[in-house]
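Start from the sequences and build out the full structure, keeping to the hints where you can.
Mapping to the working numbering: the sequence shown position 244 is 244, numbers consecutive.
Worth flagging that the hints you see were computed from the coordinates, not collected in a lab. None of the hints are false.
The calculated lysine-lysine pairs, modelled on DSSO-like cross-linking and capped at a C-alpha distance of 30 Å, are:
1) K268 - K300
2) K71 - K23
3) K151 - K97
4) K312 - K300
5) K23 - K116
6) K274 - K297
7) K71 - K325
8) K35 - K71
9) K298 - K274
10) K23 - K97
11) K314 - K325
12) K274 - K300
13) K23 - K35
14) K35 - K116
15) K298 - K268
16) K312 - K325
17) K268 - K297
18) K151 - K71
Note that the structure is predicted; figures quoted are calculated from it, not measured.
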Amino acid sequence: MKAIPRNENTYKSRPALRLIGTKELPREDWLAVRKQGIGSSDAGAAVGLNPYKSQLELWLEKTGRDTTLPKIDPQDEESPAYWGNVLEPIVAWHYSKRSGNRVRRINAVLQHPDPKLPWMLANIDREVIGADDVQILECKTAGINGARLWKEGVPEYVQLQVMHQLAVTGKQAADVAVLLGGQHLEIHRIERDESMIARLIDLERLFWDYVVSDTPPPADGSDSAEQALRCLYPQDSGQSLDFSQHTLLCTTFTELQSVRESIALQQKQEAQLKQTLQQAMGDASRATFATGCITWKKAKDSAALDIPRLLKEKPYLQVRYSTTKTGSRRFLLA
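So, in structure tokens, the structure goes:
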């Protein structure tokens, strides 16, 4: 098991506050409580280290601006989150079987006991009972795609989630039990690190300042940030802005022009290299080289609906079955 080194500094543990019980709490109310602070599952995104969610998207959620963002349906059986919830008790049971540690649910949103950190919240999957060396269990599942993030041990954003839990609860160590690919269980130990917790709190406080001041954090170039910007600014006003005297934005614009020209040049170069190899292959299906191979095969024929012909012969269908597609803003360089 891979473990984060433990900081040997002494720490006087104080129990977390029980902000609200969750056993009978409707999902909508639970989500509302989460907006009152930074939860443990928010920690990675709050400090900009979650590969799935940006600071900007998290800020939209905390400030109630996320109504048009796509939401995870807890009943969607195609969602990893759905199977994570379904398999959590199984992961916890197998953890107990393998480790010999007993666990139990807490069924509460916990709050940091320090009155200066009321925004630090946490939901704990399980509490470990009667063990001297570990007090918290975090259950995870990862499918074929997600499992790659666990090749080097616990992903950074999960480490931050657990360190946030240790900060809120005052506990000394947590086990992360992850089910990979539905059939391989790994257990990783994460021990309290005071220096990491201090840095995490500082960074989370900076993010929470964005929430309190109602100021959006900077976009980070991720798909999540792109989606968040489209949600935050869905319409254009027709107004024209003059940034010609804004040194930083002018530099940003110039760099964007340069990057796009470089991408266009690389795309042309890629196409030429590909076509050279295709021309050399002719009608061959596969070619092998000293460092790898390529294939060039014809896909199977498939049936498709000829919509232009259909509408030409039966134009009334377009009126009968038309639907409105919401327009989106296009970002163009001129």
